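Colleague: Using the hints, put the two chains back together into the complex; each one sits in its own frame.
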Amino acid sequence: DQQVKQNSPSLSVQEGRISILNCDYTNSMFDYFLWYKKYPAEGPTFLISISSIKDKNEDGRFTVFLNKSAKHLSLHIVPSQPGDSAVYFCAASADGNQFYFGTGTSLTVIP
Amino acid sequence: NAGVTQTPKFRVLKTGQSMTLLCAQDMNHEYMYWYRQDPGMGLRLIHYSVGEGTTAKGEVPDGYNVSRLKKQNFLLGLESAAPSQTSVYFCASSSDGNSPLHFGNGTRLTVT
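Read top to bottom, the protein sequences are chains D and W.
All letters in the first sequence, in the order written, are residues 1 to 111 by the numbering used here.
All letters in the second sequence, in the order written, are residues 1 to 112 by the numbering used here.
The following block holds chain W by itself, in its conformation from the complex (with noise of 0.2 Å):
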């Protein structure tokens, strides 16, 4: 039982190149959510899913699209990579709205 897993550990993009964080998990959960931590800022919510085929917008969606086309993966994709956009990702995922959220170990995502 893994949990939650995210894919690649690391990464370093150049501005304008694009790429897919990959969020899978194994304990056939409802919600699925991605957050961003910057320092000072704590977690900020960028997308979420309650469900396969669902997915809703949360505090910071800007530059950012998601995919969650099977219940156990939810992607988070980059267009067109921005500097800003130089963050710690972390996936999590509840089986309800009402549960805790599970973390996976985050991605270091640097844009330069």
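Excised from the complex, chain D in its bound form (with noise of 0.2 Å):
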């Protein structure tokens, strides 16, 4: 049973736009949140992560959204840039020993 869902495989944005991603979990337990990037035959690379005691973190042109109370945190990329073209994972941890990770988010920045 999935514990971390991303329901959206694919997404397509124009350059300069905000690209929106999405990630829904079910454990309530979950407390450290992060997004991964993955390029083909890569391995992924962590690009941001929250706590539960937050409720936004930024770095950069990347904003990462929790709502604990719907379960549901967001990547923003703003402007998205045809280099952020690749997977997006996002990945909950409750205990700090497993990290459960989603399906992932095909996103395509049109130049």
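In case anyone wonders, no lab produced these hints; they're calculated from the structure.
Where hints are given, some of them may not hold.
Capping the alpha-carbon separation at 20 Å, the derived lysine to aspartate or glutamate pairs in EDC-like fashion look like this [claimed, not checked]:
1. D:54 / D:24
2. W:57 / W:26
3. D:71 / D:42
4. D:5 / W:59
5. D:5 / D:24
6. W:70 / W:96
7. D:5 / W:38
8. W:57 / D:84
9. D:38 / W:38
10. W:71 / W:26
11. D:71 / D:84
12. W:9 / D:42
13. W:71 / W:52
14. D:68 / D:95
15. W:70 / W:26
16. D:5 / D:55
17. D:37 / D:84
18. W:57 / D:95
19. D:68 / D:15
20. D:54 / D:95
21. D:37 / W:38
The model shown is predicted, which means the values in this text are computed figures rather than measured ones.
Modeller: If you want it as structure tokens, here you go:
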């Protein structure tokens, strides 16, 4: 049973516009959330994280929002660039030992 | 500073054969993990280790064994490979349970 879900397998956005990637989770014990970016034939690379004591975290063009009551987090990329085209995974952890990943969203930024 | 290195990058096995995947990290991380990635399934945790000499089961441990004899290395073994184990395997490490995972570039395993 998937505890972390990314319901949009793909997303296309024009260069310069905002990309919004969504993630839902079922386990209310999750307290640490991360976003990863993955290019083909490479391992995932860490983008940004947020703990459950916050509802927003920013790092340059990337912002993660956490809505604990809705068990939902989102990643905003502004402005989107062609180099952002990749697969994005969200992940969550409750105990710091096991990280559960979503199925990924493939983002295409159109020049 | 190589980060997380996985060997081999590719491997083809016949059903019933055995093999070991090696993961090495040079960041002095305590925690290490093995994940598999399958189409439509995301990354699923096979086994993990919170320190040298320790291992624990993840979401999908059946058919795999692991060992962490040295802090920098985490080995994943398949004793009798099955076609269902065809996948891309990723190793990751982190300094502690509240830090991001650093991933290797994966091993693509095909079992025929």
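Colleague: With reference to the structure, classify each hint as holding or not holding.
Modeller: The hints, checked one at a time:
| no. | hint | in the structure |
| --- | --- | --- |
| 1 | D:54 / D:24 | 17 Å, holds |
| 2 | W:57 / W:26 | 24 Å, violated |
| 3 | D:71 / D:42 | 29 Å, violated |
| 4 | D:5 / W:59 | 16 Å, holds |
| 5 | D:5 / D:24 | 5 Å, holds |
| 6 | W:70 / W:96 | 17 Å, holds |
| 7 | D:5 / W:38 | 15 Å, holds |
| 8 | W:57 / D:84 | 34 Å, violated |
| 9 | D:38 / W:38 | 14 Å, holds |
| 10 | W:71 / W:26 | 9 Å, holds |
| 11 | D:71 / D:84 | 26 Å, violated |
| 12 | W:9 / D:42 | 11 Å, holds |
| 13 | W:71 / W:52 | 5 Å, holds |
| 14 | D:68 / D:95 | 17 Å, holds |
| 15 | W:70 / W:26 | 12 Å, holds |
| 16 | D:5 / D:55 | 19 Å, holds |
| 17 | D:37 / D:84 | 9 Å, holds |
| 18 | W:57 / D:95 | 14 Å, holds |
| 19 | D:68 / D:15 | 31 Å, violated |
| 20 | D:54 / D:95 | 17 Å, holds |
| 21 | D:37 / W:38 | 16 Å, holds |
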